Amino acid sequence: DAGVTQSPTHLIKTRGQQVTLRCSPKSGHDTVSWYQQALGQGPQFIFQYYEEEERQRGNFPDRFSGHQFPNYSSELNVNALLLGDSALYLCASSLSRDGYSNQPQHFGDGTRLSIL
Amino acid sequence: AQSVTQPDIHITVSEGASLELRCNYSYGATPYLFWYVQSPGQGLQLLLKYFSGDTLVQGIKGFEAEFKRSQSSFNLRKPSVHWSDAAEYFCAVAPLRGGYNKLIFGAGTRLAVHP
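So the sequences go chain by chain: B and E. 1 is the number of the first residue of the first sequence in our numbering; add one for each residue after it. 1001 is the number of the first residue of the second sequence in our numbering; add one for each residue after it.
None of these hints come from the bench; they were simulated from the model. Being a predicted model, the structure only gives us computed values, none of them experimental. Any given hint could turn out to be false.
Said to hold, decoys possible - Here are the simulated lysine-lysine pairs, DSBU-like style, with alpha carbons at most 35 Å apart:
{"no.": "1", "chain 1": "B", "residue 1": "Lys13", "chain 2": "B", "residue 2": "Lys26"}
{"no.": "2", "chain 1": "E", "residue 1": "Lys1061", "chain 2": "B", "residue 2": "Lys26"}
{"no.": "3", "chain 1": "E", "residue 1": "Lys1061", "chain 2": "E", "residue 2": "Lys1049"}
{"no.": "4", "chain 1": "E", "residue 1": "Lys1049", "chain 2": "E", "residue 2": "Lys1068"}
{"no.": "5", "chain 1": "B", "residue 1": "Lys26", "chain 2": "E", "residue 2": "Lys1049"}
{"no.": "6", "chain 1": "B", "residue 1": "Lys26", "chain 2": "E", "residue 2": "Lys1068"}
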């Protein structure tokens, strides 16, 4: 039973560029959440996707966008990269019941994004 | 505002000693409560969760946590620490309902274990 998988594992970009990170949820999960974890800090919620729509968003600018595909996999896109976007980006999946997701989230190993 | 506080940034214990990691939360109502562990270069692994019922919950790897409503606390404990427990530990909360399980994390406690 495959867990949450993320690609790539590491990425180096320069300021102003755009990046796409990918996530495949755990088998049987239909909800994907994205988190940003800066060095030495706890993860911060970016947004959550369910039924191919963004249903909740944290305090992140519009430069951060996402997508969920019919197979429940997801992408995180960041435009106009800033030095402060350097972080570990974590994807988490869960199962929603009756439209709510009250099940524990399972995390991938993350994508380490470095901005030069 | 919803928040999670982990007062101890760094804790060092000897192998075989007991461990308690503190977590306090600020929330309008009792939320779902979680403890996650993160080894270097890896994602987060769920140790245990509290949704309702018995306030003492058992998790994986011999960990347990106790929910105390009066103190808004959810402290993690282990009676005897192993060297492999060295990692970063995160306490997190999520809304009881209607919040789509958005997790709010504390800043983490880094645990070092001396042989």
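Taking the hints in turn, this is what the structure says about them:
no. : hint                    : verdict
1   : Lys13/B <-> Lys26/B     : holds, 28 Å
2   : Lys1061/E <-> Lys26/B   : holds, 22 Å
3   : Lys1061/E <-> Lys1049/E : holds, 14 Å
4   : Lys1049/E <-> Lys1068/E : holds, 14 Å
5   : Lys26/B <-> Lys1049/E   : holds, 19 Å
6   : Lys26/B <-> Lys1068/E   : holds, 32 Å
Checked against the numbered hints above, the structure breaks none of them.
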